[in-house]
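In the order they appear, the protein sequences are chains A and B. Note that our numbering has the first sequence beginning at 1, numbered continuously upward. Note that our numbering has the second sequence beginning at 1001, numbered continuously upward.
Misleading hints may appear alongside valid ones.
Listed next, the in silico SDA-like pairs over lysine to any residue satisfying Cα-Cα at most 25 Å (straight line) [unchecked claim]: (1) A/42 <-> B/1044; (2) B/1105 <-> A/106; (3) B/1053 <-> B/1110.
None of these hints come from the bench; they were simulated from the model.
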Amino acid sequence: EPEVTQTPSHQVTQMGQEVILRCVPISNHLYFYWYRQILGQKVEFLVSFYNNEISEKSEIFDDQFSVERPDGSNFTLKIRSTKLEDSAMYFCASNSGYYNEQFFGPGTRLTVL
Amino acid sequence: KNEVEQSPQNLTAQEGEFITINCSYSVGISALHWLQQHPGGGIVSLFMLSSGKKKHGRLIATINIQEKHSSLHITASHPRDSAVYICAVEGMDSNYQLIWGAGTKLIIKP
């Protein structure tokens, strides 16, 4: 069964460093998302991506964040200069656009020291 | 005010009990999702519904659009049902992105 994959599963970085979180969505899906969940809090929407551009983003998704779909299979989230408060689980999801069901990756746990 | 409210926040029950988790929302929606998050963090979609009722095995989800309310029921609960159950909604005119509730932590004791 097709699934969304994410790498790495856990990333530890120093404050101020750049990180890139990688996702491989399901191959025929058209909509892609990043969500984050700070420990003990609810999941929050970051950004949605469709037709090779951002379709919507939340207030959290400021200039420090960017997304790319560089090669037609990967979908990346870059944080330019990490802050302590960026420590969270980051989930990628994809959606075919036909049935509204979102398929989630296993998440990347980002720890900023 | 949160756009999606769930109750209860925590629920502990004995194996075999009938479980109900409630979700209320304040925005117009195109669909409502119930998801399950396991202790390891992984998220699995259980249901997506925009009207009526859906059943999958021991899980039943209902929605009342007029009252902006949905319920998730688990019949004959089992310890393996222990997880966080999350209600999330798709706003109108959204690209399917989800507005999330805080989740209900369910523990089923043997």
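Self-check item: Agreement of residue 1053 of chain B and residue 1110 of chain B with the hint, judged by alpha carbon distance not exceeding 25 Å
Solution: Between residue 1053 of chain B and residue 1110 of chain B the Cα gap is close to 29 Å, so the pair fails against 25 Å, i.e. violated.
Self-check item: Distance restraint between residue 1105 of chain B and residue 106 of chain A, which requires alpha-carbon spacing of 25 Å or less
Solution: Holds, at roughly 19 Å.
Quiz item: Keeping to a limit of 25 Å between CA atoms, is the pair of residue 42 of chain A and residue 1044 of chain B held or broken?
Solution: With Cα atoms ~15 Å apart, residue 42 of chain A and residue 1044 of chain B stay inside 25 Å; holds.
Violated hints amount to a single one, hint 3; each of the other numbered hints is respected by the structure.
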